[in-house]
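Enquirer: Given chain S, put chain F in place with the hints provided.
Taken in order, these protein sequences are the chains called S and F. Each residue of the first sequence is one higher than the one before, counting from 1 in my numbering. Each residue of the second sequence is one higher than the one before, counting from 1 in my numbering.
No lab work stands behind these hints, which were simulated from the structure alone. Where hints are given, some of them may not hold.
DEER-style ranges, computed between Cβ atoms [unchecked claim]:
#1 137/F <-> 207/S: 16 to 26 Å
#2 400/F <-> 207/S: 34 to 44 Å
#3 167/F <-> 180/S: 20 to 30 Å
Here are some of the chain S residues that sit facing chain F, going by a computed Cβ distance under 10 Å [stated by the list, open to error]:
#4 22
#5 61
#6 68
#7 69
#8 71
#9 72
#10 109
#11 111
#12 132
#13 135
#14 161
#15 163
#16 164
#17 165
#18 168
Note that the structure is predicted; figures quoted are calculated from it, not measured. All C-beta atoms, glycine included, are put in the ideal place defined by N, C-alpha and C.
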Amino acid sequence: MHLSEAKCEEQRTQLRRAIDDLDEKAGIALAQEALAGGVSPLEFFQDVIEPVLKEIGDAFARLDLFLPDLMRAGAVVKAMQLQILEPAVRSAGGESGSSGTIVIGTAQGDIHDIGKNMVALMLQVNGFKVVDLGTNVSPQAFLDSARREQADIIAMSSLLTPSLPYIKDFVARVNALGERQRYILVAGGAPITASWAEAAGLDGFGEDAVEAVALCQRLMRRRAGGEA
Amino acid sequence: MRNTTRLLDVLDRVESGPIVEESLWDMQIVPSEMAHLQIEFNVVLPPPRTAIVLSDDALADRVFEAGLALAERVGAFCVSTSRRVRFTREEIIAALAVAPTEVTIGNDNDRHTERKRCVEDPAFPTIKGGGVGTPVPEELYLAVTQSYAQEPLIDAVINCTFERIYGREIRGRSPWEVLVGWHEAELSKAACRRAGRPGLGLGCVENAVSELSELSATSYGGFSPNDWHHVAMISEFKTDYMALAKLVHLIRTGSVIHAFYNTIYGGTCGGREGMSIAIVGGCILMQMLYMTNTHSVSPAHPFFDNDTTPEILQAIALGQQALARNSRLLTDVVITPVGGPGTKTLLYECAAMAILATASGACGLIGPRSAAGIHAAHVSGLESRFTAEVARASAGMSRRDADELVRKLVALYQPELNQRPIGLAFPEVYDPVTVQPRAAWLEIYEQVKGELRTLGLPLR
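So that you can see chain S by itself, here it is in the shape it has in the complex (with noise of 0.2 Å):
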């Protein structure tokens, strides 16, 4: 069953709503309200959760929208997703519809975290599921997390210039472990650039939040064959 374009933007309404006022109950019983009625998941994700998140999102590249708006967002659609949406499609045979798989973290040697958090929420309300290791992570916790969770995407994030160094020595160790093709690596940060990611050795870097989010989703598609 297909929604309306009314009864679409009267579900937007009522998610917008719950994210406002971290609502995660009445997240839920949306989801639960709309797919009792018939919706697939991944119509009720495409038609109602994908637009508010991208309403937020681009709010957020206008700082329109701050940290916490991503936040109260976020936590919204991930309850949404694990109690209602995830186990619904994992009953009907399909696999959920993350976007992908991130491990992230501030590369040892740095404890800035804020701009890392920043970019962790964006990918969140954009469908990736993140796993978000904090911060001084050394390149083996990387590698053991990434393999943990089967990552298709290692994001490693830097403020400070004495710790772009961790972030060669991790791709000198996936390098040296045979594993590199197996990960998509990034990273961002005030000294990273997009020269100095290439000779790192990485698949790309974000200048913000925003464009760690096209890159990962570029990056994504063209992994799957898609375009790049």
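Expert: Chain F alone, transformed into the frame defined by chain S:
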């Protein structure tokens, strides 16, 4: 006032406070209290297009009360122990009542005393000129640092960092960090000697990404206790064993301590209102945790990495006024422009912040960290000279007049920010041998000074 008793009390609290998960701190405790405080204390700011340097004393006082409440209700978080560090209102008030209102930085003939300033104070703010951690190739480090140290209006130098050390990459928390700390001490002191100001205070250890550089380079033959030693509070309101280890060393060596906290605009603390409260609360918490001499909070824009967008300028002005009117704390403002050397944009941004900070009661100006401190060697002493001249010309200016000037300057540079005019690297704007600005950079500097005079700023 600092002493071992208070230091032990801080160290005890980071090991005995309630355990909190860091994600809860980031995602709930700080943002929810921040949102609540804005409502409780009615912190509502007009759009920056109507006013950037506000003259609303009642609003400034409410921002101070909100920041005080933030420090009391939220406290700080120690990442190393996952514990919350709380202080009662009485403890905070008692500590603020004995906070130092002046501090002397540097040695001998070159020492300088930074003093508490009020809003619209006719006294000149202290000028701490330098690239504030901007990476610089080691072969240019001496000349770059000298370009600041030789400027007579600069009262202390805030060091740059090294891109590499003896040609090698620098790794944080490794032997390389110890070596680079010593390299910073040796070359920055040599630059001051070459400038004929051997006792000039040095903002240090800028290469200390962990405690290693600070603990090694603040030692015999290295930085002196009278230099200006930096300890960070991590965003938002966090500390860790690295910062506290530095603190213990600095207190036991009797060193001058500067604490800084760089929050991100649009981050956990939200927008302009949250920023202004975070500036106040952050300075109070740094005083409580670190027993600091001077404090700075430098909000960064999430996309430009600067602090000169109108929203951030407005929050800085209000936060500074709140602290100047209601506390004894010595507070500095860091200038982090998008523009770099050789551009008018840089000078417009520096002028806007210098006027704003001087009129709002800041005790010192730090920087500028030109080209957002990101692009190697995109710094030079001339922009610090310019900043000092503008600050001196602004001393005693009313906030209303400052606002008019700042908004005119913002209108000049804001359209340029998207282009990221990072300008030129040091060798292109200075002769690295004579350490004098090149003619083209001097011409731009004189042009902008002329424009400021036309706008009504009484520049010499």
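Enquirer: Would you mind marking each hint as holding or not holding in the structure?
Expert: Here is how each hint holds up against the structure:
no.	hint	verdict
1	137/F <-> 207/S: 16 to 26 Å	24 Å, holds
2	400/F <-> 207/S: 34 to 44 Å	38 Å, holds
3	167/F <-> 180/S: 20 to 30 Å	28 Å, holds
4	22	9 Å, holds
5	61	8 Å, holds
6	68	4 Å, holds
7	69	9 Å, holds
8	71	5 Å, holds
9	72	9 Å, holds
10	109	3 Å, holds
11	111	6 Å, holds
12	132	8 Å, holds
13	135	8 Å, holds
14	161	5 Å, holds
15	163	5 Å, holds
16	164	7 Å, holds
17	165	5 Å, holds
18	168	8 Å, holds
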